[in-house]
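Quick mapping for you: the protein sequence lines, in order, are chains A and B.
Its first residue numbered 22, the first sequence is counted upward by one per residue in the numbering used here.
Its first residue numbered 709, the second sequence is counted upward by one per residue in the numbering used here.
Because the hints were derived from the structure by calculation, they are not lab data.
Cβ atoms here follow ideal geometry from the backbone N, Cα and C, with glycine treated the same way.
Watch out, some of these pointers could steer you wrong.
To be verified - In silico SDA-like links for lysine to any residue, alpha-carbon gap of 20 Å or less:
#, chain 1, residue 1, chain 2, residue 2
1, B, K752, B, Q725
2, B, K762, A, N119
3, B, K759, B, T726
4, B, K812, A, R76
5, A, K63, B, K762
6, B, K786, A, R76
7, B, K749, A, R76
Claimed, not checked - Some residues of chain B that are not near chain A, with every Cβ distance over 12 Å (derived):
#, residue
8, S719
9, I721
10, K752
11, F753
12, L754
13, Q763
14, S766
15, G779
16, K786
17, S795
18, S817
19, S822
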Amino acid sequence: KQEVTQIPAALSVPEGENLVLNCSFTDSAIYNLQWFRQDPGKGLTSLLLIQSSQREQTSGRLNASLDKSSGRSTLYIAASQPGDSATYLCAVGNAGNNRKLIWGLGTSLAVNP
Amino acid sequence: EAGVTQFPSHSVIEKGQTVTLRCDPISGHDNLYWYRRVMGKEIKFLLHFVKESKQDESGMPNNRFLAERTGGTYSTLKVQPAELEDSGVYFCASSQALPRVGEKLFFGSGTQLSVL
Chain A
22 KQEVTQIPAA LSVPEGENLV LNCSFTDSAI YNLQWFRQDP GKGLTSLLLI QSSQREQTSG
82 RLNASLDKSS GRSTLYIAAS QPGDSATYLC AVGNAGNNRK LIWGLGTSLA VNP
Chain B
709 EAGVTQFPSH SVIEKGQTVT LRCDPISGHD NLYWYRRVMG KEIKFLLHFV KESKQDESGM
769 PNNRFLAERT GGTYSTLKVQ PAELEDSGVY FCASSQALPR VGEKLFFGSG TQLSVL
């Protein structure tokens with residue numbers, strides 16, 4: 022049974038820092054992995070989608086890497102800004118049923134001015 | 709372009725009552741998903757529609773939950789009768805799978821359901 026863990030659960034950093042959020046999964050037979058962002062009272066916004074055959078994806082200041090064999094993904098945020106404050110969630114699509122995402126609990130990020 | 713719309717945004721009902729949640733996906737998206745987040749727990753998959761057909765409803769908790777997608781457009785999720793443990797945030801998402809690019813999900817803001 023696939024399980025997704027995110028570390029740390031919460032993170033508070035000063036503005037401008039580069040930071041790394043971690044996601045680990047127990048079954049390496051995945052189809053894809055996605056990183057989402059959730060703002061309070063809002064829906065989830067897809068940030069990056071990495072297919073199982075890919076090693077990383079980049080969008081602006083965000084970079085997500087995937088190491089299937091070790092069951093890990095990292096989300097790197099460069100030069101963090103207060104507007105980056107949100108909860109970041111990792112979700113895995115299994116190879117057998119990629120439409121049924123398995124989610125982590127998320128990392129709550131606060132970027133302080 | 710309008711995003712995924714859910715309503716109501718909040719619903720407070722008493723145990724034993726019936727509640728119906730609605731989701732309007734992005735126009736043209738064949739895939740529609742329902743997810744739920746209970747406080748303190750991970751988001752959990754409930755079910756997946758492709759157009760009007762239920763593709764996977766393995767995450768539905770029990771037969772008190774009924775989902776429909778009329779004509780492959782909007783979807784409703786009815787809980788009847790509601791129990792205390794049904795409280796949580798119900799998210800709807802839609803997508804149009806694209807070859808090589810993969811499937812990017814677009815989520816609504818969710819319905820916060822409180823059963824008292």
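Here is what the structure says about each hint:
Proposed proximity of K752/B and Q725/B is contradicted: the alpha carbons are some 23 Å apart, above 20 Å. The suggested pairing of K762/B with N119/A holds, with an alpha-carbon distance near 15 Å, which does not exceed 20 Å. A threshold of 20 Å between alpha carbons decides the hint, and for K759/B with T726/B the separation of about 25 Å lies outside it, so the pair is violated. Between K812/B and R76/A the alpha-carbon distance is near 18 Å, which keeps this suggested pair within the 20 Å criterion.
With a CA separation close to 27 Å, the supplied pair K63/A and K762/B exceeds the 20 Å bound. Taking the CA atoms of K786/B and R76/A, the gap is near 41 Å; set against the 20 Å cutoff, the hint is violated. For the hint pairing K749/B with R76/A, the CA-to-CA distance comes to about 29 Å; that exceeds 20 Å, so the pair is violated. The non-interface label for S719/B is consistent with chain A: the shortest C-beta to C-beta separation is roughly 15 Å, beyond 12 Å.
Remark: the non-interface label on I721/B is consistent with the geometry, its nearest Cβ contact in chain A lying 20 Å away (cut-off 12 Å). Distance to chain A contradicts K752/B as a non-interface residue, since its nearest Cβ pair spans about 7 Å, not more than 12 Å. Non-interface call for F753/B relative to chain A: violated, since the shortest CB-CB distance, roughly 5 Å, does not exceed 12 Å. In this structure L754/B is not separated from chain A by more than 12 Å, as the shortest Cβ-Cβ distance comes to only about 10 Å.
With a minimum CB-CB distance of about 7 Å to chain A, Q763/B fails to clear the 12 Å threshold, and the non-interface call is violated. Annotated as non-interface, S766/B brings its C-beta within 12 Å of a C-beta of chain A; the closest such distance is 7 Å. Distance to chain A confirms G779/B as a non-interface residue, since its nearest Cβ pair spans about 21 Å, more than 12 Å. With a cut of 12 Å on Cβ distances, K786/B stays outside the contact zone with chain A, its closest approach being about 21 Å.
Even its closest Cβ contact with chain A, about 17 Å, leaves S795/B beyond 12 Å, as expected for a residue assigned away from the interface. Distance check on S817/B: its Cβ comes as close as 4 Å (rounded) to a Cβ of chain A, failing to clear the 12 Å threshold; non-interface status is violated. A cut-off of 12 Å between C-beta atoms confirms that S822/B is not in contact with chain A; the least separation is 15 Å.
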